[in-house]
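Engineer: Line order of the protein sequences matches chains X and P.
So in this note's numbering, spot 104 of the first sequence is number 104, and the numbers just go up one at a time.
So in this note's numbering, spot 112 of the second sequence is number 112, and the numbers just go up one at a time.
Please keep in mind that the hints were generated in silico from the structure rather than gathered at the bench.
Quick reminder that beta carbons are idealized off the backbone N, C-alpha and C, glycines included.
All clues given are correct.
With a Cα cut of at most 20 Å, we get these calculated EDC-like pairs of lysine to aspartate or glutamate: (1) P:Lys313 x X:Glu198; (2) P:Lys433 x P:Asp332; (3) P:Lys412 x X:Asp12; (4) X:Lys184 x P:Glu391; (5) P:Lys376 x X:Glu198; (6) P:Lys197 x P:Glu36; (7) P:Lys433 x P:Glu275; (8) P:Lys412 x X:Glu198.
According to the in silico footprint, chain X covers these stretches of chain P (three or more CB under 8 Å from chain X): (9) 341–354; (10) 368–379.
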Amino acid sequence: MKKIQFKKSNIDLTKLLPLVAVITLFTFFSLRNSQFLGLYNIGNILDFANTYFIAGIGLTFVILIGSIDLSIGAMISLDTIIFIIMINALGFWAYPIIIVIGIALGLFNGVVLMRLKIPSFIVTLGSSGIFMSLALIFSGAGPIGLVPKQLHTLSFLTARIGPFTVNHLLGLILFIVFQIIQNKTVFGKTVYAVGHSEVTTKLSGLPIMRTKLISFTISGLCTALASIVIVSIMLSAAPSTGPPYMLLIIATVVVGGTSLSGGIGGVYNTLLGSLLLSMLRNGMNVIGINIYYQQIIYGAIIIAAVSLTLDRSKIKIVK
Amino acid sequence: MKIGSNSMDPFLNMVNISKSFLDVKALQEVNLSINENEIVGLVGENGAGKSTLVKILAGVYKADQGKISIDGKDIYFNNPQDAKKHGIGIVFQEQSILNNMTVYENLFLGQEKFFLNFGVLSKERMLKEACEILAELDIDIVPTRNANTLSFVQREMIEIARNVWLARKSNAKVPIILLDEPTTALEQNDIKFLFQKLNELKKHTAIIFISHRLEEIVTLCDRVYVLKDGKNVGCFSKDDISENLLRSKMVGKELVGEFYQSSMQRKAGEKVVLELKGCFNKHAFYDVSFQLKEGEILSICGTIGSGKEALCKAIFGITKFDSGEVYIDGVDVKGSINSPMDAFNKGIGYIPEDRRNEGLILNLPIFENITLTVLKKLKSHGMVSRKKQFEVTEKMVKKIDIRSASIAALCKNLSGGNQQKVVLGKWLLSGNKILVMSHPTRGVDVGAKQQIYTLMREMVNDGVSLITMGDSFEEDIGLANRIIIMKDGKIMTIIDANESKPTSVDLIKYIV
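Given only the sequences and the hints, what does the whole structure look like? Please build it.
Structural biologist: Shown next, in the form of structure tokens:
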């Protein structure tokens, strides 16, 4: 069989640009400050990136099909609270329980979207309110700490080998698994097809609704896994835990090069996006940029990233 | 009459207008003129270039070549606003009346600047002018009424009034009103009413009237231009017009024959693969019954609004049958086809008219597009094998002669003909035995057309059954074993084209 020739023009800029950005940032901060390459600091960067990456995987699939999930912040609040309550009460049983709950929350979003046929933006904004209320109710509106005797159920996750922890291993495994799901399964192929052209995909006899449902379910699952990581680091949870994550998780996905208009990008991009944001944040701290100014940088790069990756031919009117 | 202008010149004159879209020549050196107090008709088959010509006159498109003059002076339009300044207004098929506004607001939509008092809209002046123009044109509608309470013909009258008023306001000498198939959605009484109004209106305007209903053209128009394949094929004055004359001019020379590979045509099998009994859709068609035999090409003819598009969509589960029975291979499937996916699983395929947006994923390569229908079959160890994707694509590309440097080329970079072959390839791979094809050769060049016809013949030989809606009567006649003719949502007749081919005139008889 003839070998398939990929011409130069086929080199995918959405895959290359974030990689260049990651390397540039890394070099820049390493040269500016010798502390940046320290073991402790590298561990810090990985911790931060890992959390956003894991939560971002689910959102990546949702954004690839051209939808959005705005309930992730509230889901993190609810997941972390339920998780810590369950650990305190049941120990290791908390893990399977929180995974089932995460799947259920994602499924809820997907089913509402499927049944009512309203934009995902509204569905998840609405469910975000519901999840937040549940988080307040379950927690009694305050923080919940880990009971000391259950410390061992969590501490293995943050045990360090060099700069690495078990959490990072989880991130790596998820990267491999979802990279395969994305590129090698009928579901993954359908996700890209739906993102590029829902009508064509539908008229090719592929299951649109099931694909959307699974995407939102993955989002719920990944959020639950991220919640485990968050609790393992903070050893407590509160209703206010989740919301600050929302903006930066979206940023992670879009800065990596996944297009909000759907069909372009992927898990690999989200990995780079998480490293990019994490190094940026860490680097700004290390070279001493005031935290008050950092939000300006995040906001600006979200706008820049989206304007670079959006397929405007799909959007008739900018609202 | 202005000094210096020749009284023999027509008021509006379009000379040698040409226009191409990419490689499709929509108009080639077309002429059209019109005088004051005249209604000029414009007829032609779908794709003959009527709408393109009118849109050039309205400033929506720019002509590649040719010139337009009004009252002896050359004019150039860069946008619809320029055309409006010269008194040219268009009433589109898809109406531009906003439902959430009143009649007078709609009348002056976009022209509010004429009614400003220190930056504030003067409702009084708007109402006054609205009453004046409506009274002058003898339109009996209260200006404060909400537009959503108006009937279709009333909306058209409002649009006409809007154009006349604007032409006046721009000091145009004669308002020129373009009507693009204004009767498509009207009942008999409304059409009569509209014609009566147009005959009054022409006393102080010039009107260009597009319709595919020839009897309307014959009754209403003072002169008629006939377009075919983007060229003038005739201009006739009222005394010479007859429906028969227009028909033969529209269709032109009959070129049924080898172009459609008719010698490859074979008799359909005996087995009935698809049968509809008394199918009904409350918006589009009534009491539709027919059988599709194995290895048959069945054409469905009819104008826009005849219900044929909706019928084909219903067969593929895109829209639904409100009642009736559907049998596939003799098994009742009514109720179990609710989506394209269901239809797909029952062995039906659909080739949509809008190839770029509905047939293909332009930003994905050929091999991803062509294998969309068979992803499940290309799995090994639960994963879609790229190697198998490449293999089946390579085979298909060779078989149906898709010309591209690589099967990894993005579909958006292919020519129209090759794009359509990718769509056909996708369905050939699927192995589905019933294919519904909506305008399979639209916008592809002649060479690719013939290849697609050959391909359709080969598919039929392999036992696939086709339902097609062609781009022209010649195509339908040339390809089909049998031709279903639809009008106003009903099947008028089914013509057998197995032994001898009917002519286009035979078909039009049932349609117009």
